[in-house]
Amino acid sequence: MQRIGVFVCHCGTNIAGTVDVKAVAEALKFEPGVVVSTDYQYMCSQAGQEMIKEAIIENKLTGIVVCSCSPRMHEATFRKTAAAAGLNPYMVEIANIREQCSWVHKDIPTGTEKAIILGKAAIAKVNLNAPLTPGESPVTKRALVIGGGIAGIQTALDIADAGFPVDIVETKPTIGGKMAQLDKTFPTLDCAACILTPKMVDVATNDKIRIFSYSEVSEVNGFVGNFDVTIKRRARYVKEDICTGCGLCTEKCPQKKVPNEFNLNMDNRRAIYIPFAQAVPKVATIDPESCTMLKTGKCGVCSKVCTVGAIDYNAKDEFITEKYGAIVVATGFNPISMDKFDEYAYSQSKDVITSLELERLMNAAGPTGGTLLRPSDGEHPHTIVFVQCVGSRCDSCAEKGKEYCSKICCMYTAKHAMLIRDKYPDTDVYVFYIDVRTPGKNFDEFYRRAVEEYGVHYIKGMVGKVSPEGGKLKVRASDLIDGKQLNIDADLVVLAAAIEPDKSARPLATMLTASMDTNDFFTEAHPKLRPVESPTAGVYLSGTCQGPKDIPETVSQAGAAASMVIALLCKDKLTGNPCVAHSDEMMCNGCSTCEKVCPYGAITYIDKEFRMPDRTTKVRRVAQVNEAVCQGCGACTVACMSGAMDLKGFTNKQIFAEVDAICK
Amino acid sequence: MQEITRDVLVNKASELMSAGTVDRVLGWMRGEFDYDITPAVFSTEEELKNNFVWNDFCGANFSKYLIRETQKSENKVLVFLKPCDTYSFNQLLTEHRFDREKVYAVGIPCNGMVDMTEIKKANEAIKAIEESGDSIVVKTLYDGDVTLDRADVLLERCKNCKSKKHVAYDELIGDDGEIIESARFDEVAKLEKMTADERYAFWQNELSRCIRCNACRDICPACTCEKCVFDNPNSGVENKAPADSFEEKMFHIIRAFHVAGRCTDCGECSRVCPQGIPLHLLNRKFISDINEFYGEYQAGSEVGNRAPIVNYTTEDLEPGEAVGRGGIDA
Amino acid sequence: MQMNEYKPLIVAFCCNWCSYAGADLAGNNRLSYPADVKIIRVPCSCRVNPMFILRAFQKGADGVIICGCHPGDCHYTSGNYYTRRRMALLFSMLEFLGIERERTRVEWVSAAEGAKFAETMNDFAETVAALGENKRLEDLRCKK
Amino acid sequence: MRKISLDKLDLLFSEIAKSAKLYLPVDTDNGAKYDVWEDGKKLSDALNTVRSAKDFFFPQTENLMDFKMSGKNIEIIDTRSECEDFVVFGVRACDVKSFEILDRVFLADPVDTFYKNRREHGVIISMACNKPAETCFCKTFGIDASEPCGDIATWKTDDALFLDAKTEKGEKLLSALEKITEAAKDADAEPQKALIKERLARLPLAELETSAFGNGKTNELFNAPEWKDLSESCLGCGTCTFVCPTCQCYDIKDFNTGNGVKRFRCWDSCMYSEFTRMAHGNNRLSQLERFRQRFMHKLVYYPTNNDGLFSCVGCGRCINKCPINMNIVKVMKKLGGKKNG
Amino acid sequence: MQNKKELQKEQILRMSGVNPRKCMRCGKCSGTCPSYDEMEYHPHQFVYMVETGDLEPLMNSDSLYKCLSCFACVDRCPRNVEPAKLIEALRLTVIREKGKNHLKSDDIPALLDDEMPQQAIVSAMRKYSK
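Protein chains in written order, with my numbering: chain A, 189 to 852; chain B, 13 to 342; chain C, 24 to 167; chain D, 58 to 398; chain E, -9 to 120.
Hints are not guaranteed to be accurate.
As the list claims (entries may be wrong) - Residues on chain C that point at chain D, a partial pick, calculated with CB under 10 Å:
1. 82
2. 83
3. 142
4. 158
5. 159
6. 165
No lab work stands behind these hints, which were simulated from the structure alone. Glycine included, every Cβ here is placed at the ideal spot set by N, Cα and C.
From just these sequences and the hints, can you work out the full model?
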């Protein structure tokens, strides 16, 4: 039997104005288990708390009920009070007689009657409370960052800066991501490489950071603080630790006709290649799809020219398993395929390009060496048409495109238009837009400069059709403001393709049990207040995997994710919320129903041997809750028909007791 | 009358036993009369030859017995499954209730099973029952022979058979049938069209007869809890006998809710109820609601299916929209 | 107010993150609703077991309402979606058994919707009061 | 002996109902059941009721007392109301015999006052079985369905009902019915009795016998290997127990109504896994043990403690109602050796 | 009571199944329309004016018959607004008013010549044979 103390708070007149607190304390004296019941002006005050502490010690209380304001207000306070007096903090229940009683009811008899009932319910519950201890689990002080773009790089650097080891897993042979492919960045127009490559070097030289390039995550087990991750290191046929990145092999390789994905296939690379000059790690990679040696066994040129003997044609995929305390997802984005947008003639003309392709065409390290030339004939384009919102903001029923705004297109198009006008003032630049969206520091100013200083023609309206004709691109568009249909003979058409999450995100989300929205963007734990955490504890989100973002935003989120990770890794042990689900193995029949409704993947099954009453043993499948992962929602408790799954702190019996007390 | 004979099954079982595929057989054992058939485990060909039966009274669904039976030995057990039994079989596999590797399942065709309660309603003191084609001849002690149309005395679940197709088996005897467009929801729809008062009166009358013998639960292949919440003194809802009409409702509502999405509509609950309560209607109500709200779903049609009640979409209908639909009045 | 002064007893299960906070906000804003509404705090609306609802009716409640976060806003991401399915099926079943459909309700109330909480409770209490005492899911032993 | 013509049955019932509540078997969609007689209710022709007549004296649930708490005080309230007189008409010989079996349990010291109270207020009018069913085996337990006991025994022929008082209570009631009944000779009912006797002899289970069971057979039967096969298919439900006229186990439970606690008893079944759960757990852990308990109790333990009286009356209800068709007949045949082979 | 204009608008929306509110005014329909220059009101204006209920000018305009029903606007609209269906509905509304048919289907053969693409003939029949 519990020994319960009841403490009724006046809250000045907040409660006492509508509730006869003395009568409440008096009425609750005779409830089962109650040994002391008293009232006080302000329970939450220092003196009030002292009173509770003394009562706990003096009466050897095993549980207390505080009839006061909402538990959302002072539950934590009174739990600390109880703990200070040596009582388990989870032996405290609050009867909310302020927000849900005195403040909403007018007359004293009504308020008093209800307060008594609420008090009885709390007493009924506390009678069934059990001391709870938050579970503890150790924290592996290492973080994994999945994706080596600017988001991943920034997150990794920030975490490493705090002294924790970080591994980056990147599917490409080099880190750098999309930003490495960009030419300049808005709104300051500094060169992407100039600001990115130093960070890449920082990553490479930071002894806290390991880079697993040309690798992917193949399995994730465990939970916050204790993830076991298997990383598949794809065979690159070049020994990473030996290769010096001299590049000789990439010059001598006879297979010259491999489309260069870094330049978006606008030029070619060799079968052995280093994606770009500042690649990190600067190590060659053999593309097994194109390598003659690997395909036919004849060639071996690279091996012959390699002075350090780094080539290894027999390399195999390797799997390594590592423990991590936290995982940051930074899988980034890709422009969507333009295949479904026939009206823009993307597949018909080389001169219809996406904005990312334009970045490469304008980049000094790009296929044209930085001179803007038409991909079809290498001529200088004089009329350039930019089309906005290609595949963004589409109707959900439309088969092509995405419903959301891709967010970055307005700004990079302004940047492109401005750069072109700056470098080639003889060029006419038209931008067809639906809306120009420039919320961001110095963004609108930047856009206005494109219009006002650089004379870019911004036309409200959309391009309806692009038809290649006689070496030109006939662009038919409407000018909504002028009420005209325009026909422009363009030399180059640039499509602001919508962006979408990388294809690797979906299977990764499944492995991480992190949730995704219908567009395959990772869902954040709370859209406003927890924007960098996934709902799965220990998994954080960085960059465009969570939604379209520009670089400054990505970097901010990367830093925020890093700080969340650091805050986690700083702890030696994680203490969880003790109000978690618990499976009674004797009752559990292992049916897997609870597992299906758990949003956190906190439930696993084991085959457990039970000693039967007749001294035989029986192996049964039973559910186990990982208390470090469970967040205590209780979905499983209702899914469980045998009642084996219960929620500590909100057990079936406790809630029944509350119902009973209220319905008395 | 069933289309295959007992001898076909006995031979199949003997063959599988002597081949060492299985070392025992879950089958129907003859009783004192023609109709009181008991599920049994046969472990010798002799027993099979003497006591195995297969006739119009072999309603028992063996799926649930497999939970206990597969734990007894490492060897395989042979089980004969009628089409509707295979759904329970799959559902139990979905819930990891027995090891598939320890079972050799032989699917057998079924022409529907006869409801002895129905026969006994009109005929007392039954000496013998003979099956011939579409008729049943009931030989009574005092009133001579009565010939009944077999179709009239089938079990409710067989009158409204939902599938002659086996969804699980290692081996099939005879040809597999088809899934049938049955009228099994008609009775539910009829009740839905009544007024709330009529429905209340209907269920009050039906459920008030409940004696809480738990036969419905204990025969149910979906009720496989280690310990039912209604038996568990620590569950907070344990009770033994209905001391108030509320408890009858509580038990049956919660039981139906617990099997919602898992009930294959095998009809055993109604078959065994000693008080003749049409318990299957509660389960069918859930099934028809699930079909209507969340798309057609047949529990047990495939192993590993995720029941709609442990699933969701962001566009589901609101509970307020689930009530007061169509024929259901205020 | 009813002429006969009959006051229905209403049990409200409120999820900790949205609706319980919404109820607190109603209090902060002094928005009154009948004292016959008694709130039970649960972590999430998906914690509400149909057995709790029936138990409340057994012990004399006249109406039971479950409040949770709006769909899509669940603190636990999916809890209220399960609530929605479970309660849709349960309520439909109760109706099938002839129990007045107005006695049970699910309402989504966010932490910002103090006014909605009070309105909902006023409306629900009025609806239940109009139905009168719960006779169809009562346990005679529990009558006073 | 008295007699009344069958077309005057309603008159008989209304006459009885004047002084006491009259229950009789009536037909429903789900077989016959005992119901309170009122004008228009017809006596069922069914051989027997689905549920047994024990409910009249030992109902499925019965309130024992109430507790009320106020402050720290507990008040105990006797909730027993004086039971009114009642008459049960049409009880078959087997069910009548079951009362004797229950009496030995409930009326032995310490007397169960709840049972005794109901017993004292009840009058049993039995009726001979004109058409015993294939599932009947009352003869096995020495019951003669043509000569039922009770306070008044009755025989129904094609045109008349013969009534014969067997006890003081019965005589009192029968004499009160003298106005509407006419005198008859004992011999008048003889042809009917003979017909019934002849029918009983021809029943399929007529040869079932009990010599393998009874007083002192515990050691012989307890470890019989047959229990395993017999109990294999048992679901552990309580159907047999709850339709059985002689099963008398109950559980006592408290129910908190919110205004106090009701202590009540309700039927329990030894087939249930929670039966007689004690601090150390359950004493019969497997279904085999539970199954064996039920039949050993009926066929061995009870007779051992009650002068050889078996606690089965052969009514056949379990044969009809067991979901998997396992029953005491099969048990007796399997364990009874050659005789019952 | 709704006035005639509102009724007419509702009827047009129902006939066409178009929800003009989905339009985000990008003008792609007009940018793509091959009859743009012939038209007084352009596809995006149709959508906008129907939404605002400004039906009269549209129904009195020849633009109705300048639409080729080529469905380019329908195909390219990113919001699935389907302007051509809206125009078709407006046209039908006019045609249904007695004697308002722009051309009789019998008149069509006389207007045909060898140059005319088959698609135009089909769409003319579609428009005028009602």
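Chain D contact restraint on residue 142(C) - CB to CB distance below 10 Å | Because about 30 Å separates residue 142(C) from the closest Cβ in chain D, which is outside the 10 Å limit, the hint is violated.
Does residue 82(C) pass the interface check with chain D, least Cβ-Cβ distance below 10 Å?
-> holds (5 Å)
Holds or violated: residue 158(C) as interface residue toward chain D, Cβ cutoff 10 Å?
-> violated (17 Å)
When the least beta-carbon distance from residue 165(C) to chain D is tested against 10 Å, hint result | holds (5 Å)
Holds or violated: is there a CB of chain D closer than 10 Å to the CB of residue 83(C)?
-> holds (6 Å)
Go through the hint on residue 159(C) and say holds or violated, using the shortest Cβ distance to chain D against 10 Å.
-> Cβ of residue 159(C) sits 18 Å from chain D, so the hint is violated.
Hint violations for this structure: numbers 3, 4 and 5, all remaining hints satisfied.
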